[in-house]
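S.K.: The listed protein sequences correspond, in order, to chains A and B. Numbered continuously in our numbering, the first sequence closes out at residue 352. Numbered continuously in our numbering, the second sequence closes out at residue 782.
Note that these hints are calculated values from the structure, not bench results. None of the values given here were measured: they were computed from a predicted structure. Be a bit skeptical, because a hint or two may be false.
Claimed, not checked - Computed spacing ranges between beta-carbons, pair by pair:
no., chain 1, residue 1, chain 2, residue 2, range
1, A, G39, B, D431, 22 to 28 Å
2, B, A723, A, T180, 41 to 47 Å
3, A, M335, B, F532, 26 to 32 Å
C-beta: ideal position from N, C-alpha, C; glycine also.
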Amino acid sequence: MHPTSTPSRPRTAPPASSGRAIHPLARGRRGTVLILVAGMCALLASLALAFLMRMRSDAAETDSAVNEAQAHIMLMAACNYIQETSRIGWDATPLPTSPSISQDTGWQHAEGFGWVDVRDGSLGPKNQWGALVWAGISNYWADTTIPVAARTALRAPMYVMNRPPFAIQQTVARNPISTTPGDANFGLPLMLKPDPWPVADPTSPTYRADFIGGDTSINQRAFIPTWFRIFRDSASTFIVTCGAGGTRGWQSWTELADPVKGDANERQIFNNDPMLFDDLASTETRLWYRVEWSAAVHSADYQNMQNETSSIDHYIWRGMNATQESRSQPHDANMVGTIRWVQRLQNAPTYW
Amino acid sequence: MTMLRAHPRRRSAFTLIEMMIALVLGSAILYTTLAGMRVASQCYTIATRLSLENALIRAGFMKALDEVDFWTAYDDPTDPSLAFGGVNGGEVNRNPGLPFCPFANAPANFKPGGLPPMPNPDGTYPPIDGSLPPTNEAGLTGWNPTYNWSMSDPAVWTRANMGARGNNGNDVRFGYYGMFSGTYGQFPSGTSGLYYHYGAVTVPHQWLANQMDGLKNTLGYYGMIDYLPANTIFSYNCYKTANGQNADAVPYEFSYPAGPYTVNVFGDADGGTQVPRGLYRDTKDVSIALLPLRPQGASGAGNQATPVSSVSQAAAFLRQDYYTGQEATPANLSYFQDLTTSKSNLMGAQPANWPLVGTSVARYITADRYATVCRIGWISPTTGEHVDLSFTAFGTSLRGARQQRAQAPGGGWAQWDNGGAANASNLDTQ
């Protein structure tokens, strides 16, 4: 056995006070590899940290781009809402209670005739009996007779539902034609299974309610907090605010706490904490637009004559609702008016 | 040295075997560590490059969305000299016939401040000088930015002869529709033209015809379409026009089936159609263009000379349509794309090792639809790979963009507020 490898021999340098001395080279050599490896590891760790920080920064910047895109999508949603509510959707609760529309029972739903009534140009929407669709509801957001400072706005938090009402499966071919030679149904187009097929389970005892009601809870996997808000500016113009962020469309905590415009249940969502709300608002994307609705839909002139015959005047009109005609009116999905113009506002207006 | 000599056995050292093992192990550790660090470093470099590329693409995306809403590729409100040959090149958008012409500069019969034919739903008329209510449409010329064109207003209804074949042998078998509406208050008796058979006639409706005529002359075709309601029948009567009219008083501009690339002819010639028609039939297989300040087909620094070199040329580009549908050839599409697509680099100057990112937008009307097509393109500095990402978006319309701008060239943005104070004038107001 080599003398230096005796078990009793200390491996570490003795304390300086021991009076023993070790050659400086020998002392340094023992930590060289450790120092080198530790240094390398530190470099690796710093690289990894810098990488993570950059990825974190990228993710945050991507969030802002996603928010911007989401807010633009909300502009489309808000315009669709303005268009549809010019005419439909007014049979939801609470029903107007005006005696003038007491006929609004049973099968006949209230139907609006436009934000500017197409019958006489008056303020709308009015229903088929001539009454404003919100008659009987106080402080309604669409009521332009309320001064702008006191007027409320429609607020619409948006999200992807787990299963929308009346959802059907997006199966392309429920009944594919058999391509198996020898199969009894080979090459036959047969409607063996109902098509379309609901997403809700048809075998469930609660199927009907499931199909009609859907599962309107939030689909968390697809959830990006987004909202729009509409302030009726005049009979036909609206301020649309498009948002991507967590405030659910509330303008400020002051509005949320307002006895008329606010909502105690909504405050609960923010844990009754103005600081939390302000923090969410500070990171939110908000875009303001002004838009005008028009009752004009598409021109009713689709293929109203044989356009290949140009030698004589004639009036061969094709049927307005001819489903076999590729250019007929049913292919225009805007029976609820159009958005005449859209203007992005540089700044938030005073009232929105 | 003395101490070393005094304690020779303390000069501990490695044996050869220890040294060899230590060297092998140490080398392995060092090699592994160095290799790991090298890979990590390369990963970091690649990640940094991708991160930079992604950041620039994001910036390009945000710039494209801004363009969708603010139209600065078509009119820069902060630049007082949008002249041909200038650094901003392109068209002089503030001239009549071009889409950013202030209505204050419109032809005399289309100045802003026109009286609307019908009051607003609250019973009031938009601000206007003159007596109220109007007794007829004869004096209702000019643009009123606050009138909502109520569909119940008889003045906005078309009175075109929807069956009139147009130019080729129209025998006016259902009568002369030019006596119901037109840009004129009356037409005189005379010795030529079909109208003279009717004697001197006072025409009851002028408002819609004047609006269409004024919008066309002030803004060009895209602007006219943008401002008119979606159900517009693009036809109105002018019993005498410079370019001629058919036997039923409809200008050849709206009835002549000349086809695309013909200046001062609106609408396609599909099937030789000559009847008055709406936007779908007028834009089937063809497109109505808008010209950006710097089209990608332009040559020369800053887009001087081509494809637009004068106001009149720009106006002519905006008073025709282009093959883009089933009749279009690749050359047709390439020409249209070069003409209508803007070009803009994300940065004026940048390090050579950064990706070159550009954004563009093209706006046009085709098949009854407004298209705003954005494109982000980038070229990798290391591989030369060119990637394009395109998408369409919905945002500010032409009228909205005009309402965003102060009247004076270089006058900046016209802020709008509903707080009670008067708003700044814009391209649509007096």
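S.K.: Would you list, in rising numerical order, the hints stated earlier that this structure does not obey?
M.R.: Going through the list in order, the structure violates hint 1 alone and respects the others.
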